[in-house]
Structures are given as C-alpha cells and as structure tokens.
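Chemist: Sequence:
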Amino acid sequence: MDLELIEKIDDLIKTLDDSLEFKKILALKKKIYENEDLKRKLEEFNRVKDNIYDQKYVSLKREILTIPEVAEYKHLENEMYLLVMAINNKLKLLTGNDVRCLK
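Just add 1 to wherever you are in the sequence shown, counting from 1, and you've got this note's numbering.
No lab work stands behind these hints: they were computed from the structure.
It should be emphasised that the depicted structure is a prediction, and the values quoted were computed from it without experimental measurement.
Positions of the beta carbon are idealized from the N, C-alpha and C atoms, including for glycine.
Any given hint could be a false lead.
If you anchor each label on the Cβ, the simulated ranges turn out as follows [unchecked claim]: (1) K15 / T96: 42 to 50 Å; (2) V49 / A87: 16 to 24 Å; (3) I14 / V49: 23 to 31 Å; (4) K15 / L95: 15 to 23 Å; (5) L13 / N79: 15 to 23 Å.
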C-alpha cells in the first residue's frame, strides 16, 4: 500500500503542476515581480508593516491588494492552499498519520 500511495501522490503532484491554476499562478507571479510600480509599493510597505495601525500601512495594503494581478494571485493562492489542506486531510485518513510535508 505504501508504494501505491507514493505513486498516487506523485501522479497528483504532476497533475497539480500541469493544472491551469498552477500555471496561472506562476505567470501572475512573474508579472508581479516585473511590475516596477508594485515593487516600489512593496518595498515601502515592508518599511511600514510593523505598525499595522499606521494610515500609510493601511493605504498601501489596500492599493497593493486591489491591483488585479495581485488580487487574482491571492485568490488562486487561497484556492491552492485549501486544496492542499483537503489533500492532507484525506492522506491523514488513509495513512492514520499527520501528513505535514505537503503544507
């Protein structure tokens, strides 16, 4: 059963890697890193992030999260996270172990 389970997990990883959502996340990440305006905003955000009640922090966070590429990236990231959590729960039921390696 262990070898079969490992093969199934490898197939699942390949399927996830080939999925449109994963490819979209990678493309969005590349776009985000290439955006010079966003890069400046993120640098400024990192300077003020320790004070979450600062108006500059709030306005920068709002600006960053309303950029379409960032909003879509965050949405897909959350979907992938929930999918991984569901997979972990199924694996835990199948193996009787707490599978933390997929987090």
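Chemist: It remains to establish, for every hint, whether it holds in the given structure.
Modeler: Comparing the hints with the structure gives:
1. K15 / T96: 42 to 50 Å: violated, 20 Å
2. V49 / A87: 16 to 24 Å: violated, 36 Å
3. I14 / V49: 23 to 31 Å: violated, 38 Å
4. K15 / L95: 15 to 23 Å: holds, 19 Å
5. L13 / N79: 15 to 23 Å: Cβ of L13 to Cβ of N79: about 19 Å, so the range 15 to 23 Å holds.
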